[in-house]
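Per this note's numbering, residue -6 is the first one in the sequence shown, and the count goes up by one each step.
Source of the hints: derived by calculation from the structure; they are not laboratory data. None of the values given here were measured: they were computed from a predicted structure. Certain hints may be false.
Unchecked claim - Derived DEER-like restraints, expressed as beta-carbon distance ranges:
(1) Met278 / Thr405: 39 to 47 Å
(2) Leu6 / Arg515: 25 to 33 Å
(3) Asn425 / Asn460: 50 to 58 Å
(4) Asn408 / Gln328: 27 to 35 Å
Unchecked claim - Restricting the straight-line Cα-Cα distance to at most 25 Å, the calculated cross-link-like pairs of lysine-lysine (DSS-like) are:
(5) Lys89 / Lys63
(6) Lys183 / Lys63
(7) Lys324 / Lys239
(8) Lys440 / Lys249
(9) Lys371 / Lys356
(10) Lys440 / Lys296
(11) Lys249 / Lys73
(12) Lys104 / Lys53
(13) Lys53 / Lys158
(14) Lys296 / Lys324
(15) Lys190 / Lys239
(16) Lys40 / Lys183
(17) Lys183 / Lys296
(18) Lys158 / Lys424
(19) Lys63 / Lys134
(20) Lys183 / Lys279
(21) Lys190 / Lys221
(22) Lys89 / Lys40
(23) Lys249 / Lys547
(24) Lys279 / Lys371
(25) Lys183 / Lys116
(26) Lys89 / Lys73
(27) Lys239 / Lys116
(28) Lys63 / Lys116
We put the CB at the ideal spot given by N, CA and C, even for glycine.
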Amino acid sequence: MVNWQSKKTGDLLLLANGLVLVALINIISTAYFFRLDLTEEKRYSIKAPTREMLRALDDKVYIEVFLEGKLNAGFRRFQKSIRETLEEFRIYSGNKVQYTFTDPTTAMGQKAQSEYIRELGEKGISPTNVVERKEGETEAKLIFPGALVSYGGVETGVMLLKGNKAQTPEGEINQSIEGVEYELANAIYKLANTDRKRVGLITGHGELDSLNIAAFNNALLEQYDVFKVDFSRRTSLNYDVLVIAKPTMPFSESDKYRLDQFIMTGGKVMFLIDKVLANMDSASMKDYLALPIELNLDDQLFKYGVRINYDLVQDRNASLYPIVTGQAGGKPRMQLLDWPFFPLINHYADHPITRNIDAVVTKFVNSIDTVRATGVRKTMLMMTSQYSRRVGAPANVSVNNLLTNVKPTDFTTPNIPVGYLLEGTFTSFYKNRFLPQGFSQDDFKDKSVNTKIIVIADGDLARNEVNPRTGQPQALGFDPFSNYTFANLDLLMNAMAYLTNEDGLIRARNKEIKIRPLDRERVRAERVKWQLVNLVLPLLVMIAYGIIRAVIRKKVYTKF
């Protein structure tokens, strides 16, 4: 007979109840999945659009990360963050995301290793040379902070080290950690997405030709359906976004009206416009003047809330250009100098489009002012450094001025705006005006639904250089003189992602991870003290506890 009053029976029942409770919790957890992120900045949380995309995957995704091997502390932290993000991807995708970490430098043989590295470079995964000093010795190592993503038999490479190079190495890695989710999710999305948005490249006004916009066009084709759009054909504008890239001839009233009504029906537009015509082929001339060009868009953009000025912006933070500075042995002596008409833009808004991107190179960029536009919210996306100035057009654009007329004291205008994002409901330019001939009031809309426009006062932002030897387009943002690729393509693709789906994966670029560094000087000064606190103090506490407990026991039991 069971004695329900005994302590042994009670303990057994308590144990049985505990086991049943654990079993019930496990059964419930299999039906209701949840995860808790207790960090202040939610660093382990995956954005809702990313989770939805992962749950909708129809096939396995294989991700091979090449950040492996002997890494320093910063890159080990970067590697850990990538692994944690991929683990979250695996869980939310129902094990459809599978990943591995490999080290390309372990390929057998020097020839095989070189071939492997070359193949990775062709897929967009470039090595980074990390130099460290340890115990007075310098150690250099090639690492590959990128990944290869495969889905449905198609693969694409993605660079994960994408912070702003103006930051410290630790800051650049931290910015890259903040972008890991977006870079990986966007790579998967490009391969898995079947609902491709339609992008139209406007032609017919002297815009960039196919060769000069090839790099941007090819990047768009990886994710969107891209079409050339000629307004003169009067076809329907069944597109999500229209891009106007460096027009050089005026827009007719008919073209302006069709553009206006496209915006009124919710279409998005990216304006990449120059208001002053200048080129480097003529800059070697002593008295070359850059002249304003008339595009017949000023009044329309003014109605939407911005005005591109007839000027050129100069900045001391500028791209390099070779200048003849003298003669040596009967031959011209060349020197790379900062060319103020090619500002390097590295000041951005805290916005998903521009967050944590590297500098972009601009060429003969104009300044932008804003004007009152009811219902329109304006975000200044891009601005110059604190050492810049405006030069009114006609402007003397001559390389000879670099040696004579450029004075650092003249650059006193900080943060000149060169790019804006406009969001909200726009009023039609043709409201209370006569419509162009051939259009009827029946289909006219005088106010837009909620939509977006991006205006950047530099058409060359989307223009790639062409290799003079091969005639092939080079990477967008590539500077042949410094052999560096600026972030022009990243900026434009982020802008396109925001225009096509502002609540989609682009929101993952808002992720923020705070660095909480130790005070190195204080660590060095108080090192011995904290070693004693962490190693010796716990031992002393345990010894004291043992002595006190022994004394108490002795007093208690001596009473008997």
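Evaluated hints:
1. Met278 / Thr405: 39 to 47 Å: violated (28 Å)
2. Leu6 / Arg515: 25 to 33 Å: violated (55 Å)
3. Asn425 / Asn460: 50 to 58 Å: With a Cβ separation near 52 Å, Asn425 and Asn460 satisfy 50 to 58 Å, so the hint holds.
4. Asn408 / Gln328: 27 to 35 Å: Holds, at about 30 Å.
5. Lys89 / Lys63: Given pair Lys89, Lys63 is violated - Cα atoms ~29 Å apart, limit 25 Å.
6. Lys183 / Lys63: violated (32 Å)
7. Lys324 / Lys239: It is violated: about 37 Å lies between the C-alpha atoms, which goes past 25 Å.
8. Lys440 / Lys249: holds (15 Å)
9. Lys371 / Lys356: Judged against 25 Å, a Cα distance of about 24 Å means the pair holds.
10. Lys440 / Lys296: holds (12 Å)
11. Lys249 / Lys73: violated (52 Å)
12. Lys104 / Lys53: At roughly 32 Å apart (the allowed maximum being 25 Å), Lys53 and Lys104 break the hint.
13. Lys53 / Lys158: violated (35 Å)
14. Lys296 / Lys324: Roughly 55 Å between the alpha carbons, so the hint for Lys296 and Lys324 is violated.
15. Lys190 / Lys239: holds (23 Å)
16. Lys40 / Lys183: Status holds; Cα separation ~17 Å.
17. Lys183 / Lys296: Distance ~36 Å between Lys183 and Lys296 Cα, so the pair is violated.
18. Lys158 / Lys424: Given pair Lys158, Lys424 is violated - Cα atoms ~47 Å apart, limit 25 Å.
19. Lys63 / Lys134: Given that 25 Å is the threshold and the Cα spacing comes to 9 Å, the pair holds.
20. Lys183 / Lys279: violated (49 Å)
21. Lys190 / Lys221: holds (14 Å)
22. Lys89 / Lys40: Holds - the C-alpha atoms of Lys40 and Lys89 are around 18 Å apart, at most 25 Å.
23. Lys249 / Lys547: violated (98 Å)
24. Lys279 / Lys371: violated (40 Å)
25. Lys183 / Lys116: Holds, at about 15 Å.
26. Lys89 / Lys73: At roughly 21 Å apart (the allowed maximum being 25 Å), Lys73 and Lys89 satisfy the hint.
27. Lys239 / Lys116: The given pair, whose Cα atoms are some 29 Å apart, is violated under the 25 Å limit.
28. Lys63 / Lys116: Cα-Cα ~23 Å, so holds.
In this structure, the earlier hints numbered 1, 2, 5, 6, 7, 11, 12, 13, 14, 17, 18, 20, 23, 24 and 27 are contradicted, and the remaining ones agree with it.
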